[in-house]
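Participant: As a plain string of letters, each chain reads:
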Amino acid sequence: MTATALTLPAEKPGWRGRVDILSAALGAVMVLLALAAVPAPLIAPYDPTATDILAANSGPSPTHWLGADDLGRDVLSRLLYGARLSLLGPTLIIATATVLGTALGIASAWLGGWFDAVTSRILDFFFAFPGLLLSVLAVAMIGTGFLAPVTALALAYTPYIARVTRTIAVRERNLAYVEALRSHGLGGWAICLRHLAPAVWPVIRAQSAIAFGSALVDLAAVSYLGLGVQPPSAEWGLMVAQGQSALLGGAPWQSLSAGVLIIFVVLAVNTIGERTGNTDTAGARA
Amino acid sequence: MRAALRTVTGALLTLLASSLVIFLALAASPGDAASRLAGSKATAAQIAVIRHANGLDQPLPLRYLHWLKSCLHGDFGTSLQYQQSVSSLLAPRVGQTLALVSLTALLIMVGGLGAGIVGALSRPGSAALTVLSGVGVAVPSFVAATLLIQVFALWLGWLPAISTGVGGLRGLILPALALALSWAAYLSQVVRASLREQLGQEHVAIARSRGLSPAGVFRRHVLRNAAPEITTVSGLAVAGLIAGTVVVEQAFGIGGIGSFLVQSVAGKDSNVVLAISLLMVAAFILTTTATDLLHRALDPRIRAAAKTREGQAR
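Protein sequence lines, in the order shown, are assigned to chains G and U.
Everything in the first sequence is counted per our numbering, starting at 1 for the first residue and increasing by one.
Everything in the second sequence is counted per our numbering, starting at 1 for the first residue and increasing by one.
Please keep in mind that the hints were generated in silico from the structure rather than gathered at the bench.
What you are looking at is a predicted structure, and each value in this text was computed from that prediction instead of being measured.
Treat the hints with care, since some could be wrong.
Covered stretches of chain G (chain U as the covering partner; in silico rule of three or more C-beta atoms under 8 angstroms from a C-beta of chain U) [as the list claims (entries may be wrong)]: (1) 100–109; (2) 128–141; (3) 204–211; (4) 254–262.
Some but not every residue of chain G turned toward chain U, in silico, with C-beta under 7 angstroms [to be verified]: (5) V217; (6) A221; (7) V266; (8) L267.
Beta carbons are placed, not taken as given, at the ideal position from N, Cα and C, and that holds for glycine.
Based on the sequences and whatever the hints tell you, model everything.
Facilitator: Okay, structure coming up:
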């Protein structure tokens with residue numbers, strides 16, 4: 001890790017303390033949101049599909065805190081239930097991309113030669129394919145739903161992680177301590193798993209946090225287009241889309257509250273990612 | 001020069017590989033094109049005739065080569081939904097999308113560069129712009145679309161909420177703003193960081209101490225040195241827009257190729273999906289390759305590095 005630590009730009013004194021409080025606070029809110037999503041049935045005031053036709057398109061009130069949608073379903077309950085799909089999707093995408101990307105990046109750096117060349121070519125190819133377009137193609141192939149866009153986006157985000165990993169791992173591999181470990185008779189697997197992977201991790205963790213935000217946006221966009229999860233499922237991107245006709249009719253609560261929630265989550269993970277690891281040094285030059 | 005040639009060849013190979021992946025993805029999708037083309041009342045024999053006439057009874061590799069050859073001639077086959085040639089359906093829509101992309105690219109460049117330069121030069125501006133650009137990056141285009149519709153179409157009534165049937169620039173302003181917001185915010189962050197880095201360099205201090213005008217130093221030493229990085233990120237932003245049009249066109253009801261792609265996926269119109277995916281990937285690769293070449297032209301260090309690398313054995 002020394003190599004990357006040295007290239008970090010000097011931070012202003014006194015900045016550090018505030019940074020950590022902000023990251024910790026945002027992290028805590030994210031954890032709370034995730035915790036609220038799992039036992040949503042216990043917390044949510046209403047069933048997410050229960051309709052109260054008298055309350056249709058109503059604004060915030062004591063009975064419906066964030067109003068009700070065009071079918072009279074409680075927006076707050078749907079946001080809480082929606083957090084499950086909206087947060088589970090990007091979690092699956094980024095977990096897959098991080099594991100796959102880190103493994104490919106370290107293997108490329110360690111093995112070099114033809115493996116590196118072939119992997120780089122394939123990754124470059126997926127890099128040249130916009131994630132949203134890949135998702136749309138996957139939907140055309142498999143059909144609408146949760147699986148197609150999640151698989152496509154996991155593929156689209158893998159090269160992003162793999163490139164950064166490879167850059168750092170190559171730099172690390174050339175350091176003297178790796179040579180020393182090797183001359184002590186330590187095998188390639190052991191060095192990769194116990195030394196290269198931990199060295200790469202801090203930067204990858206930050207990259208993954210930021211990638212989580214954009215994966216969430218991409219996945220929500222697919223749902224917004226009507227190609228992802230289908231009604232009556234509750235999902236944030238779908239809620240923005242479903243609320244749009246009510247918005248034009250003067251009842252903006254569903255679209256706006258789902259939209260603001262998306263912005264908040266993306267802002268939170270971006271902030272955490274940027275503050276906990278420096279992305280400019282690793283990301284831009286990957 | 002040789003490196004530039006390699007970039008272009010690489011781009012062409014990537015495009016070829018993309019065409020294969022797109023073709024295979026659609027070939028694997030469920031649904032029989034021949035029976036769709038024949039219509040619901042067709043007999044099995046009629047379907048067989050149409051299948052043969054369209055070459056759908058041939059093995060997959062042959063079909064791919066045939067499709068690729070027709071694409072190069074501008075023939076993308078027949079739409080299964082509209083029973084019309086795909087190119088005639090695309091022609092009026094490509095213009096809409098191009099207009100949207102151009103206006104958005106202009107907004108990103110003006111907004112991103114402007115905000116980045118202000119952020120790098122003015123101290124109070126910097127603090128405000130750090131927060132604004134941080135928030136801006138986090139706003140997805142479809143959320144920006146609903147916010148803009150709420151404010152500018154419903155509250156203020158300045159611009160139409162739905163662009164369908166609205167001619168000229170009026171219908172494109174809100175969509176372009178929605179699409180530009182997060183990219184412009186991102187570009188401004190990169191521009192600010194890049195200019196800050198250059199402003200802190202010794203040679204800038206020396207140029208100033210020699211009494212050169214601040215504007216001249218900024219233009220010739222700071223902006224010039226930051227140009228390659230700014231170009232790269234701008235190019236990536238424009239490339240990213242191309243797929244982004246899909247979402248915004250759908251949000252505002254613009255009849256471009258993006259919203260047509262969504263309709264065609266929903267309607268399982270595989271020939272249209274093939275054609276639009278290929279066009280979008282081609283535009284994406286064209287933009288990134290052009291950016292790469294421009295970056296190379298702007299940064300003499302890369303040219304020098306490429307020359308020494310070419311000297312070494314590969």
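Participant: Which hint numbers does the structure go against, in order from smallest to largest?
Facilitator: 1, 3
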